[in-house]
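Undergrad: In case you want the letters, here they are:
There are 2 protein chains.
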Amino acid sequence: MADAEHKTAAATRIDFATDPSRYRHWKLSVDGDVATLLMDVDENAPLFPGYQLKLNSYDLGVDIELADVLERLRFEHPTVRVILLRSGKPRVFCAGANIRMLAGATHAHKVNFCKFTNETRNGIEDASEYSGQRMIAVVTGSCAGGGYELALAADHIILTDDGSSTVSLPELPLLAVLPGTGGLTRITDKRKVRRDRADVFCTTEEGVKGKRAADWRLVDEVVPNSKLEDAVTERAREFAAKSDRPTDAEGVALVPLVRTRSDRGTDYSAVSVEFSSDRRLATVTVRGPDSAPPQFAQDMVAQGAAFWPLRLARELDDAILDIRLNELETAVIVFKSEGDSDAVLAYDAFLEAHASHWFAREVMLKWKRVLKRVDLTSRSLVALIEPGSCFAGTLAELIFAADRSYMLDGPMDGDNRPPAAIMLGAANVSGRLAMSNGLSRLATRFLGEPDLLDEANAAVGQSLDAERAEELGLVTFALDTIDWDDEIRVFLEERSSFSPDGLTGLEANLRFGGPETMETKIFARLTAWQNWIFQRPNAVGPDGALRRYGTGQKPAFDMKRV
Amino acid sequence: MADAEHKTAAATRIDFATDPSRYRHWKLSVDGDVATLLMDVDENAPLFPGYQLKLNSYDLGVDIELADVLERLRFEHPTVRVILLRSGKPRVFCAGANIRMLAGATHAHKVNFCKFTNETRNGIEDASEYSGQRMIAVVTGSCAGGGYELALAADHIILTDDGSSTVSLPELPLLAVLPGTGGLTRITDKRKVRRDRADVFCTTEEGVKGKRAADWRLVDEVVPNSKLEDAVTERAREFAAKSDRPTDAEGVALVPLVRTRSDRGTDYSAVSVEFSSDRRLATVTVRGPDSAPPQFAQDMVAQGAAFWPLRLARELDDAILDIRLNELETAVIVFKSEGDSDAVLAYDAFLEAHASHWFAREVMLKWKRVLKRVDLTSRSLVALIEPGSCFAGTLAELIFAADRSYMLDGPMDGDNRPPAAIMLGAANVSGRLAMSNGLSRLATRFLGEPDLLDEANAAVGQSLDAERAEELGLVTFALDTIDWDDEIRVFLEERSSFSPDGLTGLEANLRFGGPETMETKIFARLTAWQNWIFQRPNAVGPDGALRRYGTGQKPAFDMKRV
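Quick mapping for you: the protein sequence lines, in order, are chains A and B. Just so we're aligned, residue 288 is where the first sequence starts under the working numbering, counting upward by one. Just so we're aligned, residue 288 is where the second sequence starts under the working numbering, counting upward by one.
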């Protein structure tokens, strides 16, 4: 029942843009350098009809607001050093992802929902590590499943010792699925909980409270209710003292995106998305800056959200999320660019020169996150490098994020512009735009050919034509005008004829060579197992645990181990 | 059709024990320090009825023989330093896993088949790294899918340049699944093929031949047909010269296992397996040695396969594989032990003292592989440590491989033996029994509590009672006699009530904290995605690619990306 409604509802477009005036589920208050982020979910405001968000449970709509407020905390509140994550409800911190929503959602929605929530939680850890904004989870009441996974993303978890407040990961015993938002990886790899205790914890529906929660490393401290506020204040002071965020900066307002939707696609100020539904393509064109970068840091702040690198990053992020969740039949994202490469590199250079300025830092970190989002997008990605393009510096990362790239060698028919060129910049070689495996995209690309990494370093700032780019291993194929149209057409047709699932698995493997990190473990090991389980009748079948939850009927399991 | 037949056939027990007199698919010849292993699959000898093993394709039966011959090369041929892997068929090296078999197999069989073949290929790399036995794949003819994945496990791949011999991974375009035996991970992480080239390679049905195969790092050298044998000989000499295997040792015959099967279970000489089908348990009891270790290395060799550590390892390996493939409804494996801990440690000490002896080295490496097989077994694992047990040294690894462990504190009702004790030995702390993540089980266990790792080191050789073992973090729970029966009963009942799939995913995450290696990437990232795809209708549905392969009908795909 909920299922049918959902699938209908999913036909309406999910919008990732929001702002505080529209929040239904979160309340932000700021007191000096400490912000309090109160989770207070409106149970009557689910993203889809058919379920209520009881007990501070969440769906994608709640998480879209969370992602938004976290971005605003970075940009609009430069002086906030500590975020206290608390519940606005009595006796419950957060019950995790809403079960009725999960039971009714399509497989694709469940997978994309988990991916987005994972990205948001990784963003919390990124803010802590790189942006000086630390989070303390103040757990009062029941903190279950996705609720505890949210707390796990914080730097510090305080659990009140009131005899009833607990942390738990009851997904397996209750729902026959896994904690899907990094919980298993964070308990073994971030909190380093002993594996047998983790086994006990994850199979104990009621969770763990009090001293045992601290002894088992599940929380950082357990504090009697009467001393809770003192402990929170003290801890906030400690974390704030260690932050390098500015003490007296004005924030930059994240004004609404300029965005026009039509049947053919979406237009932003610096990004255009064009859908070719019959060919199952989305062409994403990013446009270089119209003008030179500002002269001084204060001019950049004055430009605010209009500052070209930030504006483009936000637009690209919105475009990618829109394709992911709303254009499920799109097989391939084609990246193109238009503009002046020197101007792009000038902005990169400006950002590097002001790397210690809080706003420049945030802009660069935003790009890192957006590019990681691209890496994790389960669509085939291809970059087409044509005359008039500006794949330089930060924008050249789109070439290296793509599964493959084609560069036109020579002029384009009916186009007077000079042949395409690529320019590398510091952004490509410095590692500041590292993938989730901890390496730059070029380092990942050249794992087997470290000499080419050195050559790429040496080529920074040079205009590289197709022949040279191919020689340096920067593009997959350089093609001349005669072959261009046919080769691209054949590739796109072929790609869209393959099994979408097979491609998802293939790309999830080939994109992430080299080292694994907690982040890649979450997106590969944990997510891949969860996706498998999300396909298994024991979880999602008509008699499976997700469907039977709350009905009073026990799920019926096929007891064969695989 | 094949499907129904299969499922019936799978009801008969798959036997992992074989010997050269029974081989149907492989031919071994030895010439000095070089062995030639010829793959020459008998197409009329599939493991199940309903398909033919055409074009040197393989099924589990072929791989059981391969695993057997590789074990024999280690133990029976100590002077063999190089293995040449070649095809006994014209124009085809190996076509990979048999597609009709895959199309007809149950999900559980597919998954277990891939796991076993992965373990065998990892064993090839282990022999190269630790045992001085290198493999050269001499590729003539078409080397596709699992065939190329087998070649990828070798140290060196020679491809003949005859205009038609190719390497390929056509799984995605042809079958909508992934190369399931480590192929994707080995091309990105072992051979470090550039990711966009890997993308092209894995989407190109016909594969790559000649110079491009070498330029793209897919093979190590490409040699004209006329010079092939010279190149093979030369390369074999080079690799042999680098080996540290003995020059004049006699091998140890791997005589048939002593094994008696009944309805209740299986008895070996040092292992007993008891099935409690109603409780969905398999109790695996390992028995310590009956006598002291031999005095000298030559006595160990004279004992041969009867040498207790080897005998036990082979029996345990067989027992685990039997449960995995033949007892799918078994939820929990309970590990028990019986014997004298001092005697177990004496054998460990003997092995350590003779670590440079080829046979002692092989025995220790065999234990490493068997314990990894335990780690990767998708059953809940629990160790029960009771009076009379001998969980010491190598055998104590079973405690640390288990998802949790219970130790009885005090005597057992009606049992006069002294209370249970654990003894650590060098085997537990030296790292020589490392898990696939590269760490010892204790190091993995104590990622968050490195002090306990130091304490474990200090406790080597001590008899640790339940209280002390719990204090040192070596067991999950120490229970007294009053609680023992009830706690164990409740745990076992609870465990067997959970979703088997959920447990598989949970355990696959919690067991492997810490670093990832190529091996863990293969078993987690790649395997998990493959398992997911093996559930998706695009691959395995009635209109999916696996079912429609060879029918002339194109598969019908749901084009939604997830």
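Bear in mind the hints are in silico, worked out from the structure with no lab data behind them. Please note that a few of the clues may not be correct.
Just so you know, same-sequence chains aren't split out, so a pair can sit in one copy or run between any two.
Stated by the list, open to error - Taking lysine to any residue and the SDA-like style, the derived pairs with C-alpha atoms no more than 25 Å apart in a straight line are:
no.	residue 1	residue 2
1	Lys514	Lys841
2	Lys376	Pro829
3	Lys847	Pro824
4	Lys623	Glu516
5	Lys376	Leu325
6	Lys847	Ile775
7	Lys529	Thr838
8	Lys847	Ser784
9	Lys341	Gln582
10	Lys655	Ser717
11	Lys498	Arg755
12	Lys623	Tyr836
13	Lys314	His443
14	Lys655	Thr299
15	Lys498	Leu766
16	Lys514	Ala746
17	Lys847	Leu342
18	Lys847	Pro336
19	Lys847	His394
20	Lys841	Asp320
21	Lys847	Arg300
22	Lys623	Val588
23	Lys341	Glu625
24	Lys514	Thr838
25	Lys314	Val777
26	Lys498	Phe764
27	Lys847	Gly828
28	Lys847	Arg566
29	Lys841	Ala528
Undergrad: Taking the numbered hints from earlier one at a time, note which ones the structure violates and give those numbers from smallest to largest.
TA: 1, 2, 4, 7, 9, 12, 14, 16, 17, 20, 22, 23, 24, 25 and 29
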